[in-house]
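Visitor: Below are the chains, spelled out letter by letter.
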Amino acid sequence: MKMGRVIGSVVATRKDPSLEGVKLLVVENLTLDLKAEGGYVVAVDAVGAGSKEVVLYASGSSARQTSTTKDRPVDAVIMAILDSFEAHGKTVRLA
Amino acid sequence: MKMGRVIGSVVATRKDPSLEGVKLLVVENLTLDLKAEGGYVVAVDAVGAGSKEVVLYASGSSARQTSTTKDRPVDAVIMAILDSFEAHGKTVRLA
Amino acid sequence: MKMGRVIGSVVATRKDPSLEGVKLLVVENLTLDLKAEGGYVVAVDAVGAGSKEVVLYASGSSARQTSTTKDRPVDAVIMAILDSFEAHGKTVRLA
Amino acid sequence: MKMGRVIGSVVATRKDPSLEGVKLLVVENLTLDLKAEGGYVVAVDAVGAGSKEVVLYASGSSARQTSTTKDRPVDAVIMAILDSFEAHGKTVRLA
Amino acid sequence: MKMGRVIGSVVATRKDPSLEGVKLLVVENLTLDLKAEGGYVVAVDAVGAGSKEVVLYASGSSARQTSTTKDRPVDAVIMAILDSFEAHGKTVRLA
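Residue numbers (the numbering used here), protein chains in the order written: chain F, 170 to 264; chain C, 170 to 264; chain B, 170 to 264; chain A, 170 to 264; chain S, 170 to 264.
To be clear, the hints were calculated from the coordinates, so they are not data collected in a lab.
Do not rely on the hints blindly, as some may be mistaken.
[Stated by the list, open to error] Here are the simulated distance ranges between beta carbons:
hint: 1; chain 1: S; residue 1: 221; chain 2: B; residue 2: 258; range: 47 to 53 Å
hint: 2; chain 1: S; residue 1: 182; chain 2: C; residue 2: 203; range: 51 to 57 Å
hint: 3; chain 1: C; residue 1: 186; chain 2: B; residue 2: 240; range: 16 to 22 Å
hint: 4; chain 1: S; residue 1: 204; chain 2: A; residue 2: 183; range: 46 to 52 Å
hint: 5; chain 1: F; residue 1: 206; chain 2: A; residue 2: 192; range: 20 to 26 Å
hint: 6; chain 1: C; residue 1: 186; chain 2: B; residue 2: 183; range: 28 to 34 Å
hint: 7; chain 1: S; residue 1: 220; chain 2: B; residue 2: 258; range: 51 to 57 Å
hint: 8; chain 1: C; residue 1: 203; chain 2: S; residue 2: 203; range: 38 to 44 Å
hint: 9; chain 1: F; residue 1: 217; chain 2: C; residue 2: 236; range: 28 to 34 Å
hint: 10; chain 1: S; residue 1: 239; chain 2: F; residue 2: 186; range: 34 to 40 Å
hint: 11; chain 1: S; residue 1: 198; chain 2: F; residue 2: 198; range: 19 to 25 Å
hint: 12; chain 1: A; residue 1: 189; chain 2: B; residue 2: 236; range: 38 to 44 Å
Note that the Cβ used here is the ideal one computed from N, Cα and C, for glycine as well.
Produce the entire structure from the sequences given, and follow the hints as far as they go.
Guide: Following this line, the structure appears as structure tokens:
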């Protein structure tokens, strides 16, 4: 998984029928210093993530292992919203 | 998923039999400023995307989760055409 | 999928038994200007591609969705030989 | 698989229900000289890895092939803790 | 698949139980000039590859399609040892 920040969303009325009602968020990749890493992904929200929250997303077939995404043509899912993380002995609180 | 723009198509008469009738489009990757990111992908069109439209595509096994692509040897599918998106508080209308 | 050019082949007598009789080609990645992009892949040939032909290849589990590659330990397959493609309004004939 | 070093962990109370009780570690990628390669991944711990240990992690659908990760929306798993490795004729002991 | 050279191995006693008896080799990626490309992977050996041999490895779910790797949490497998390869009209013998 990668850490990312929710920075937006997309709207699409013409889409695969299985995507009806699925929320698609724009997530920018983050470094461990919470800086934008330079890339982004559009991911399905499976956990009710809000704007600017720091999340984890899973990619590939693993992105279809939630009840929201099962059997759908999606390759990225937000599966956790971070409360905090620790890296190199430093704890960062997010919630 | 990634955002891309449809910039062309490919024609192949010699191909795996399962690809008969499948439309293959050339999609260039876009940044969130709608600039070409520098890469491209050839993706199956599952939603009737037109030239120059901004689309979402899914990669990997997830690309086989539409009725158009099921069980076929394809690793990218256009599964949505964007009406608009919002990033960093700015909304961009596309349709 | 990515566009590539067949530039060679590999010979291996010591290999997984399921690969007996499978043709393995060296494919260099191409830009949309048909220039070498800088990387290569060794892919199974499922369509009878010849030397220097411009092809499409699929990667990952999708590479196992042809009769040639089913259930085999291969992660790239040539599934189409291009006749032509169009990009940014310019048509390029290849066959 | 890639070699990495465990450098931290993440805490998330809002997450996909299937992730309850799963330990998520921050792993930085290592070169063969055991230097940070510049990227990181958040991976499920399937083997009881401790802080600063050098581990192997598997990505993609393979990350779901342990009893800890089966059917869960996770795309990286720590599946081994290294005792030593040998590269270019030099042995490095880690445990 | 990618071409690589076996440059070492790893030893891990603490690991997922399904990895008992599996040989894990360090493979550096090769260019078509047989130069190190700058990356490496730790791959399961399914074909009895020896030190310094030039091999092909498959990644992702395809890495689990050998009898050695089936259902195991591994994302790369050596599935062939090269005798020779040809690229741009030049043949390179390896065995």
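Visitor: Now, for every hint given, state plainly whether the structure supports it.
Guide: Going down the list of hints, with the structure as the test:
Under the hint 47 to 53 Å, the C-beta atoms of residue 221 of chain S and residue 258 of chain B, about 50 Å apart, fit the expected range. Between residue 182 of chain S and residue 203 of chain C the beta carbon distance is about 52 Å. The supplied range of 51 to 57 Å therefore holds. Separated by about 18 Å at the C-beta atoms, residue 186 of chain C and residue 240 of chain B satisfy the suggested range of 16 to 22 Å. The beta-carbon spacing between residue 204 of chain S and residue 183 of chain A, approximately 48 Å, falls within the hinted interval of 46 to 52 Å.
Checked against the hint of 20 to 26 Å, the pair residue 206 of chain F and residue 192 of chain A passes, with Cβ atoms roughly 24 Å apart. Taking 28 to 34 Å as the suggested C-beta distance range, the pair residue 186 of chain C and residue 183 of chain B conforms, at roughly 32 Å. Taking 51 to 57 Å as the suggested C-beta distance range, the pair residue 220 of chain S and residue 258 of chain B conforms, at roughly 53 Å. Between residue 203 of chain C and residue 203 of chain S the CB atoms are about 42 Å apart, so this pair conforms to the stated range of 38 to 44 Å.
The beta-carbon spacing between residue 217 of chain F and residue 236 of chain C, approximately 29 Å, falls within the hinted interval of 28 to 34 Å. A hinted range of 34 to 40 Å holds for the C-beta pair residue 239 of chain S and residue 186 of chain F, which are about 35 Å apart. Between residue 198 of chain S and residue 198 of chain F the beta carbon distance is about 24 Å. The supplied range of 19 to 25 Å therefore holds. At roughly 42 Å, the beta carbons of residue 189 of chain A and residue 236 of chain B sit within the given window of 38 to 44 Å.
In terms of the numbered hints stated before, the structure departs from none.
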